[in-house]
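With the hints as constraints, model all of the structure from the sequences given.
Chains H and U are the protein sequences, given in the same order. Whatever position you read off the first sequence (first residue = 1), add 20 for this note's numbering. Whatever position you read off the second sequence (first residue = 1), add 20 for this note's numbering.
No lab work stands behind these hints, which were simulated from the structure alone. Wrong hints could be hidden among the right ones.
Treat identical chains as interchangeable: a pair holds within one or across any two.
[As the list claims (entries may be wrong)] Simulated crosslink set (PhoX-like; lysine-lysine; CA at most 20 Å straight-line):
no., residue 1, residue 2
1, K22, K41
2, K22, K33
3, K197, K33
4, K22, K197
Here the structure is a predicted model, which means the values were calculated and not measured.
2 protein chains.
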Amino acid sequence: MKELENRILTDGKVLPGGILKVDGFLNHRIDPQLSYRMAQELRRLYAEEQVNKILTIEASGIALACMAGFVFDCPLVFAKKSKTKNISDNVWSAEVESFTHGNTNTVVVSKEYLGPGDRVLIVDDFLATGAALVGLKSLVEQAGGTVIGAGIAIEKAFQGGGDALRREGMRVESLAKIAAMTDDSITFAE
Amino acid sequence: MKELENRILTDGKVLPGGILKVDGFLNHRIDPQLSYRMAQELRRLYAEEQVNKILTIEASGIALACMAGFVFDCPLVFAKKSKTKNISDNVWSAEVESFTHGNTNTVVVSKEYLGPGDRVLIVDDFLATGAALVGLKSLVEQAGGTVIGAGIAIEKAFQGGGDALRREGMRVESLAKIAAMTDDSITFAE
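Structure below.
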């Protein structure tokens, strides 16, 4: 999506350690009009599918997921990072390693809100190692639902997570796909 | 807002300890069309004001705040719960006590994204003791910005936080205002 690529080039910053800082429009301060247009683009990409639920993970995926729910006209559910290790029987749970924070979170979704019959589009702001997607996919599968695919704002393709999931047969659509990144340049795939 | 009150009566559950469970449409599974209409109602209430920023707190305020940003046509910023006690010089920070979780969080906003010139509408899903609002208001004041008011989905008026802020002169608009709550009844104010 050209608009998103341009925005990354204008407002993004590459920080040491392979961090792409886009918190001016994507995950701290958020441009909701851009989020809306990204959601519309996801709708276009998945137009043939009968998506009936959006799934994301707190916190920074929620804004795009909310717009996606609005545009797809279906509810969204966000997986919560669990504060305790004692997971109740009422939730689906999965472990998700965080590349940015260097820790592991248990994420949970109430069994009430994810079940068979759900045709789920997983939405997130970033895809790097794919750990969040793997965890969210596992929640849907535990619930007996169907993962239609993923809709990602920015994929750091050089970290390989997206392609690993594609090789397993999952549909992963990223609105901006970064092939390479140095301190002073960002190269998009294709 | 009648639609929200009806939804609370239909889908809400009162749990022991004065907890109102509305995670079927507001803060776990989210109905984005309802969020959009709530944002429109906030826009109507604050139509005379020149709001140019929406501020909320992660995670469950983000969906409504994103819709508010969309409808007000301005950016939103969400305050992050800080993982460390070492707060950097680059952020505004405040302490927020959580009624639901029984703990205190330090919340931060990057100084880049909140400053003088900002006319801020604070948006959140719940208002009970008012601790989150007080913290968010403090962030805006530290930044030299102007708090236009608050836009809340559900106010538990019997906990007094909203009226305490109103007495201090802050404008607080709640789309559903609960005057009293028992295990099997919910009474709205007015």
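Next item on the list: If any of the earlier hints don't hold here, list their numbers in rising order.
Entry: The structure breaks none of the hints.
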